[in-house]
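Protein sequence lines correspond, in order, to chains L and P. Residues in the first sequence are numbered from 0 upward in steps of one, following numbering that gives the first Met the number 0. Residues in the second sequence are numbered from 0 upward in steps of one, following numbering that gives the first Met the number 0.
Don't take each hint at face value.
The list that follows gives simulated cross-link-like pairs (lysine-lysine, DSSO-like), each with its CA atoms no further than 27 Å apart [unchecked claim]:
no.	chain 1	residue 1	chain 2	residue 2
1	L	Lys-174	P	Lys-311
2	P	Lys-64	L	Lys-103
3	P	Lys-194	P	Lys-127
4	L	Lys-96	P	Lys-152
5	P	Lys-58	L	Lys-174
6	L	Lys-174	P	Lys-504
7	L	Lys-103	P	Lys-422
8	P	Lys-422	L	Lys-265
9	L	Lys-103	P	Lys-14
10	L	Lys-98	P	Lys-152
11	L	Lys-98	P	Lys-64
12	P	Lys-194	P	Lys-269
13	L	Lys-96	P	Lys-8
14	P	Lys-311	L	Lys-265
15	L	Lys-103	P	Lys-216
16	P	Lys-504	L	Lys-98
17	L	Lys-96	P	Lys-504
18	L	Lys-98	P	Lys-127
19	L	Lys-265	P	Lys-100
20	P	Lys-8	L	Lys-174
To be clear, the hints were calculated from the coordinates, so they are not data collected in a lab.
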Amino acid sequence: MTNNLWRHAVAIAIVLFSLFPLYLVIISSFNPSGSLKFTSFLPGEISLVNYSLLFTDPRIPYLTWMKNSLIVAAAVAVLSVTIGAASAFAFSRLRFKGKVSGLKLLLLVQMFPAILAISAVYVIMERVQSFAPGLGLGTRPGLLLVYLGGAMGVNIWLLKGFVDSIPAELDEAAKVDGASPMQIYWLIFIPLATPVLAVVALLSFIGTFNEFILARLFLVDMADRTIAVGLQSFIGGQYSQNWGPFAAGSIIASVPIVAIFLSLQKYIINGLTAGSVKG
Amino acid sequence: MLVSIFRGKFAFVLKVITLLILSSLLVMLAQQAFASGEYAIAIFLAVSTLALNFVYLTKRSVPLKFFLPGLLFLLAFVVGPILYTLAMSGFTYQTGNTLSKPEAIAQIQKLSVSQDENQTIFDVTVGKNGSDELSLIYLDSLTNEYAISTEKKRTVEPESTVVKDEFDIPSSSPNFRALTEDELGALDAQIPELKFYYNDEYYLALEGFQAASLYKKSLQFNEASDEFKSPVNNDIYRDNGRGNYANVSNPEDILQPGWRAPIWFENYTKLFSEERLRTPFIKVFLWTISFAGLSVLTTFALGLLLALALNKAIRGRRIYRSILILPYAMPSVMSILIWGGMFDTDFGAINNLFGTDIAWFQNAAFARTAVIVVNLWLGFPYFYLVASGALQAIPAELSEAAAIDGASPRQIFSRITLPLLLKILSPLLIASFAFNFNNFNLIYLLTGGGPIAQLDGEIAGSTDILISYTYKIAFDQGNSNLGLASAISVLIFLLVASMSMYGLKKSKVLDDFV
Numbered sequence: 000m001t002n003n004l005w006r007h008a009v010a011i012a013i014v015l016f017s018l019f020p021l022y023l024v025i026i027s028s029f030n031p032s033g034s035l036k037f038t039s040f041l042p043g044e045i046s047l048v049n050y051s052l053l054f055t056d057p058r059i060p061y062l063t064w065m066k067n068s069l070i071v072a073a074a075v076a077v078l079s080v081t082i083g084a085a086s087a088f089a090f091s092r093l094r095f096k097g098k099v100s101g102l103k104l105l106l107l108v109q110m111f112p113a114i115l116a117i118s119a120v121y122v123i124m125e126r127v128q129s130f131a132p133g134l135g136l137g138t139r140p141g142l143l144l145v146y147l148g149g150a151m152g153v154n155i156w157l158l159k160g161f162v163d164s165i166p167a168e169l170d171e172a173a174k175v176d177g178a179s180p181m182q183i184y185w186l187i188f189i190p191l192a193t194p195v196l197a198v199v200a201l202l203s204f205i206g207t208f209n210e211f212i213l214a215r216l217f218l219v220d221m222a223d224r225t226i227a228v229g230l231q232s233f234i235g236g237q238y239s240q241n242w243g244p245f246a247a248g249s250i251i252a253s254v255p256i257v258a259i260f261l262s263l264q265k266y267i268i269n270g271l272t273a274g275s276v277k278g
Numbered sequence: 000m001l002v003s004i005f006r007g008k009f010a011f012v013l014k015v016i017t018l019l020i021l022s023s024l025l026v027m028l029a030q031q032a033f034a035s036g037e038y039a040i041a042i043f044l045a046v047s048t049l050a051l052n053f054v055y056l057t058k059r060s061v062p063l064k065f066f067l068p069g070l071l072f073l074l075a076f077v078v079g080p081i082l083y084t085l086a087m088s089g090f091t092y093q094t095g096n097t098l099s100k101p102e103a104i105a106q107i108q109k110l111s112v113s114q115d116e117n118q119t120i121f122d123v124t125v126g127k128n129g130s131d132e133l134s135l136i137y138l139d140s141l142t143n144e145y146a147i148s149t150e151k152k153r154t155v156e157p158e159s160t161v162v163k164d165e166f167d168i169p170s171s172s173p174n175f176r177a178l179t180e181d182e183l184g185a186l187d188a189q190i191p192e193l194k195f196y197y198n199d200e201y202y203l204a205l206e207g208f209q210a211a212s213l214y215k216k217s218l219q220f221n222e223a224s225d226e227f228k229s230p231v232n233n234d235i236y237r238d239n240g241r242g243n244y245a246n247v248s249n250p251e252d253i254l255q256p257g258w259r260a261p262i263w264f265e266n267y268t269k270l271f272s273e274e275r276l277r278t279p280f281i282k283v284f285l286w287t288i289s290f291a292g293l294s295v296l297t298t299f300a301l302g303l304l305l306a307l308a309l310n311k312a313i314r315g316r317r318i319y320r321s322i323l324i325l326p327y328a329m330p331s332v333m334s335i336l337i338w339g340g341m342f343d344t345d346f347g348a349i350n351n352l353f354g355t356d357i358a359w360f361q362n363a364a365f366a367r368t369a370v371i372v373v374n375l376w377l378g379f380p381y382f383y384l385v386a387s388g389a390l391q392a393i394p395a396e397l398s399e400a401a402a403i404d405g406a407s408p409r410q411i412f413s414r415i416t417l418p419l420l421l422k423i424l425s426p427l428l429i430a431s432f433a434f435n436f437n438n439f440n441l442i443y444l445l446t447g448g449g450p451i452a453q454l455d456g457e458i459a460g461s462t463d464i465l466i467s468y469t470y471k472i473a474f475d476q477g478n479s480n481l482g483l484a485s486a487i488s489v490l491i492f493l494l495v496a497s498m499s500m501y502g503l504k505k506s507k508v509l510d511d512f513v
């Protein structure tokens, strides 16, 4: 028992460190004064005024921001997995000339930090804006396209890994029976891979939900902003003034993401050792 | 039953219709891109359309049917921007040099005017002359004669033939009829563009429909010799090869705006040759390395300590574990912003907790400490998780054998467990270093790169890492330099890519398909 004492001591110390900001943000979100000023570790008066401000205060179009984030993240998740799964299938199961060099290129591309090309993306989309005002800079479809492109490399790579782990016997048997690659894909591969596709879609959802800088560069209008950009601009360094509603808003925004993350723990931890670092 | 959806006439018709809609959309976009001079984008769209139709209408390549859409997205939004970054890094692409050369010339011509010294304004009537050209009729108060000006010429009208309205303003003549209200309305949007000839040095521009101001052309462009000349003092401005017209007798005197001109590697070389760029660049570079190194070191150390502590089935391990991964499960943007509040000087919990009064983000050393602490909080669960996994993977026989040989637990750890762990985890340590090297969100959201030394025009702050510094250079209001920013991006990419390739070689991912 004493032998385990140091283990508990280490774990408890680090648990306290982990919980410190989370606990305080939760307490202050229920504090009716809405102030950042920290007086005690114990919760005082509990009220929901900060939460109700989120839905009533016109300075914080919280529901609109949340809706924007959910729409963009869901669209990216569904579309990028739909497109990515087909590519991953080809790279995992089909034979073709240039496959190896294609894979190497894909590996390189998915390692490329998207943020490095951000000014190029900005200038290119500014040009697109000049001839297609609905698709360029400052529009949600434009942001969606950029996200899709950015998600493609990682998703194809991730999906390929998963596809590789699905036994090939079934589709080989189907091939012997005369099934075309399209039939194998739709009738055998997709039903088998659906859970995996769902996991990758959820990961993609989390990633997009948490994306900040492209959304900030792209979406200028208050009503277009995503939750990350909206809350950042709301708090904008003025911690003392807007803390209460911000605390409440960040908690509501985090809860679904934490829930998804915890339910996907197993897959994420497997993916960790494959070398992907969550942003 | 299902098969029939993917085969047969129905599927074929569906495919053709989808392709048709997509193709017409893409072709339309390509046309618009071409019309506005975006040739590269137009060509990309056109080639994509051809490829899509070719791949899905013929049976030439089955694999392409699967990965063409993904490939097109990658090309458009990843490979394209990478190449574009590379290209931009070879140009003077900065505030004042964002146009193409013909656009810049047009702008200079438009801007190189000033109202004449006396701010002369004439009362005018807008109309058409005898040859149906848009013109003005007015009393020229400088020469005291009635005149009609079109875009190209000015003619004097004898006073006797000019009809005046009730305010004594000339309104018509045998050579001039005024426009109707409707005609004027249609012209409204063009007012700022309209110019009327006065003499070789001056022209008239409308201020509404009843008045025109006299403007002076201070520069004249000579297309054949590609130079601007000032009719006032005969200064000549020539292309200086760096995206500006510069005064021949005084190279510092350049005309605005300039254009994007190729300067090849100058954006790279001036990072090292120009003192005002080199000093911040080296400072930021060194901090980037320290930041990434310290981040990996601290997160790995704490994660490993935890993994070791919880490597035994002690009571409450599951509870510890689920709390410990919370920092990792939180959306990091929210966590960083929350931490920003914790470090607030006046009200923040940290100063309160320790009874201090530190202005965390105003002082370089404190700001750097805060950045590392927050990154430790964000990152240690990752290494806790992977180190736990790796500890399981190390065969227990090794430490048991060592223990039998009389090794102390400390010796077992430092001689056996740690070296093995480092070997297993080294690709992840490298990946984590590469990730933190470009950890833009943390810096941008927590400190904004600050504090910044109050030097004139200095934008690099004490916690700025290369990528946040690059962002500032690229998007600095009023003084953005995309060429220089792209050059730094390319350098970062080379660094990070070689680190990652090294890491991959170690992790033997590449072996699978070489």
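> Going straight from one Cα to the other, do Lys-174 of chain L and Lys-504 of chain P come out at no more than 27 Å?
Replying inline: Given that 27 Å is the threshold and the Cα spacing comes to 35 Å, the pair is violated.
> Is the hinted pair Lys-98 of chain L and Lys-127 of chain P satisfied, with a Cα-Cα distance of at most 27 Å?
Replying inline: violated (69 Å)
> Does Lys-265 of chain L lie within 27 Å of Lys-311 of chain P when you go C-alpha to C-alpha?
Replying inline: holds (20 Å)
> Under the criterion that the straight-line Cα-Cα distance not exceed 27 Å, is the pair Lys-194 of chain P, Lys-127 of chain P satisfied?
Replying inline: OK: Lys-194 of chain P and Lys-127 of chain P at ~14 Å, within 27 Å.
>> With the threshold set at 27 Å, check whether the alpha-carbon distance from Lys-194 of chain P to Lys-269 of chain P stays at or below it.
In response: Roughly 44 Å separates the two Cα atoms, so the pair is violated.
> Quick one, are Lys-58 of chain P and Lys-174 of chain L close enough, alpha carbons at most 27 Å?
Replying inline: Cα-Cα ~18 Å, so holds.
> Within 27 Å, alpha carbon to alpha carbon, are Lys-64 of chain P and Lys-103 of chain L?
Replying inline: holds (20 Å)
>> Holds or violated: Lys-8 of chain P and Lys-174 of chain L, Cα atoms, limit 27 Å.
In response: holds (23 Å)
> Hey, Lys-265 of chain L versus Lys-100 of chain P, does the alpha-carbon distance stay inside 27 Å?
Replying inline: The given pair, whose Cα atoms are some 57 Å apart, is violated under the 27 Å limit.
> Straight-line Cα separation of Lys-174 of chain L and Lys-311 of chain P no greater than 27 Å?
Replying inline: With a Cα-Cα distance of about 49 Å, the restraint between Lys-174 of chain L and Lys-311 of chain P is violated, given a limit of 27 Å.
>> Does Lys-216 of chain P sit within 27 Å of Lys-103 of chain L, going by the straight-line distance between their CA atoms?
In response: Violated. Lys-103 of chain L to Lys-216 of chain P sits at ~59 Å, over the 27 Å cutoff.
> Given the hint that Lys-422 of chain P pairs with Lys-265 of chain L, does the C-alpha gap stay at or below 27 Å?
Replying inline: At roughly 24 Å apart (the allowed maximum being 27 Å), Lys-265 of chain L and Lys-422 of chain P satisfy the hint.
The structure fails to meet hints 1, 4, 6, 9, 10, 12, 13, 15, 18, 19 from the earlier list, while all remaining hints are met.
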